[in-house]
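Undergrad: This is what each chain is made of:
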Amino acid sequence: MTLDAAPPIDLARASDDGGGTGGAAVFERIFQEHAPYVWRALRRLGVAEADADDVCQDVFIVVHRKLGTFLGGSVRTWLYGICLRVASEHRRRPYRHREEVVEAVPDEAVGPSQEEELERRRTLALLDAALDQLDDDKRAVFVLFELEQMAMVDVAEAAGCPLQTAYSRLYAARKIVEASLDRARKVGLGAASPRRSNA
Amino acid sequence: MKPPQDPPRLLDPGSDAPGWLRGPLEAGARDLARPSQLARIAARLPKGPGPTPLQPPAPPVAPSLPSMFSGAAIGAALGLAVVGMGWVASPRAGDARPPAPAAPIATVGLPVPEPPRPAPSTSPAPRPRPPHERSEPLPSGTVAPVAPVGTEPAAPVSTGSESEPPAAEPESESEILRRAQDALRGSPARALALTDRHLARFPGGTFAQEREVLAISALLGMGRTAAARARATRFLTSFPTSAHRRRLEVLIPDLESSAGDHKDSSDPPSTP
Chain Y
1 MTLDAAPPID LARASDDGGG TGGAAVFERI FQEHAPYVWR ALRRLGVAEA DADDVCQDVF
61 IVVHRKLGTF LGGSVRTWLY GICLRVASEH RRRPYRHREE VVEAVPDEAV GPSQEEELER
121 RRTLALLDAA LDQLDDDKRA VFVLFELEQM AMVDVAEAAG CPLQTAYSRL YAARKIVEAS
181 LDRARKVGLG AASPRRSNA
Chain C
200 MKPPQDPPRL LDPGSDAPGW LRGPLEAGAR DLARPSQLAR IAARLPKGPG PTPLQPPAPP
260 VAPSLPSMFS GAAIGAALGL AVVGMGWVAS PRAGDARPPA PAAPIATVGL PVPEPPRPAP
320 STSPAPRPRP PHERSEPLPS GTVAPVAPVG TEPAAPVSTG SESEPPAAEP ESESEILRRA
380 QDALRGSPAR ALALTDRHLA RFPGGTFAQE REVLAISALL GMGRTAAARA RATRFLTSFP
440 TSAHRRRLEV LIPDLESSAG DHKDSSDPPS TP
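Residue numbers (the numbering used here), protein chains in the order written: chain Y, 1 to 199; chain C, 200 to 471.
This is chain Y alone, in the form it adopts within the complex:
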C-alpha cells in the first residue's frame, strides 16, 4: 500500500518561478498538492463527513490569509499545524455534525459494490470510534504519525509540543487505539477479513 504524502513545496522557489502569478500560484499549488490529505486528516481528527468540505475550506482560508507570514520550513508541517487548530476549534462548536442535503450522487456510486462501500464505511466507523477514545493531543500525534506519515519531529512541531512529549502521546495513543479495536474485534465488530494481513 502506498501512503501518498505530498512532496514538500519550496515556497521561495515557487514564488520565483510562478511565471508572474506569484502568491496566487503558490496558494493554488498548495491547495492542489495538499488538499486531499488535509481533508483526510480532518476526517480522522474528528470532523464529520458532512462538515469536512467546509472545514477543509476553512483551513485554506487560514492558509490564504497567513501565507505572507509563513516563516519557511516545511509547508506540510505548517499546514497540518493549521489543520489541528481548525479541527479543534470546529469540534468545540455546537453546530458541528449537522446534516447536509447531498447535492449530487457520490462518485463511488458506480465504483465499488455496495457491499464493499458498506464495509469501508463500517471499518472507518470502527477507526473513528477508536480515535474518539483519544484526547485531542494524543489524537493529533497518532493521526499525523500513523496515517499522515509525518516524521515525529514534524509532528511535534505541528502539535506545538516537545519531541519527547509527542513520543509519549504516540505510545499512549497506540495502546488506547489497539485496545479499542481489539475490543471491537472480540465482540464481532472488528475489521473483517483484511485484504492483507501479516498477523
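Just so you know, not all the hints are guaranteed correct.
Unchecked claim - Residues on chain C that point at chain Y, a partial pick, calculated with CB under 7 Å:
| hint | residue |
| --- | --- |
| 1 | Arg208 |
| 2 | Trp219 |
| 3 | Gly222 |
| 4 | Ala228 |
| 5 | Leu231 |
| 6 | Gln236 |
| 7 | Ile240 |
| 8 | Arg243 |
| 9 | Met421 |
| 10 | Arg445 |
Calculated from the structure, these hints are not laboratory results. Please read these numbers as outputs of a predicted model, since none were measured by experiment. For glycine and all other residues, C-beta sits at the position ideal for the given N, C-alpha and C.
Guided by the hints, dock chain C onto chain Y, whose structure is given.
TA: Chain C only, in chain Y's frame:
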C-alpha cells in the same frame, strides 16, 4: 543533539501490527477527498485577478526580518486578504450567520479622531474597486485612495523605537499596514502604534478590517488579552460577516460566545 529515530509505523510493511489493527488504519489512510469534493472546495476559493504577484524584496524594512517570505509576501497577503473577503463573506449553504448589515459601518464603532487627508498630489489616483473586493459597505467618501498592493516601495522604517514618529511623507494605507505586519512579530507595540496611525489617517479606509485584525494580534502579542478580546468583540459586532471572523475565533478561542453577548468594554481601542 540528534533526535531519536522514529519507531516503525503500524502500517509499515515490517510492522508486526495484526490485521484487525491494520484494516481500519488502511481504510483511514485510503479515505481521501473525492475529486468532485475538491473541485467544489476549490470553486469557493479565491479566483479572478488573484493577489498581487510576489515582488522582489522591497528595500529592507527591518534588518532582522525572520522570514524569507515576509518582505514581498506581506503585500501579497494584504492583496489576498482583500480579494478573499468577497467570496468568504458570501453566505454559504448551512451558514447561519446573519447577512451583512445594510447600513454603512464606520470604523468598527471605535472613537475616531479627525483624519488628516493624504495629500492628493502624491497619492495614486483612486481606482474603481470591483464588487468582489469589498465585503462590507463603507461610507461614501471615506475610502482613501489606495494603490495596488505591493506596487509601492516600502518606506524606510526606523527600528529603534516602539513609538511611531509622524511620517514625513504621505503614506498609503497598505504601506502603513504592511509595516505594522512587519513589526508584529518582533515588536507588537510598534505594530499597534502603526495601526493607531492608520486609524487616525484612514478611519474608514479600505483596509479598516485588516487594521483591526492587526491591532488585535498586536494586543495579544503584548499580552493584553482583555483588550484584544474587547476589540475583537466590537469588530465582530460591526462586521458580523467579515472574512476575518474565523481568524479571530482561532486567535481568541472563546470569542464567539463573548461576541454573542455584545459586551462592551471600557478598554480603549489601543494604547501602545
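Undergrad: Each hint: holds or not?
TA: Verification of the supplied hints:
1. Arg208: Status holds, d = 6 Å.
2. Trp219: 4 Å, holds
3. Gly222: 3 Å, holds
4. Ala228: Hint on Ala228 (chain C): holds, closest Cβ of chain Y at ~5 Å, below 7 Å.
5. Leu231: 4 Å, holds
6. Gln236: 6 Å, holds
7. Ile240: 5 Å, holds
8. Arg243: 6 Å, holds
9. Met421: 18 Å, violated
10. Arg445: 6 Å, holds
When the structure is compared with the earlier hints, a violation turns up for hint 9 alone.
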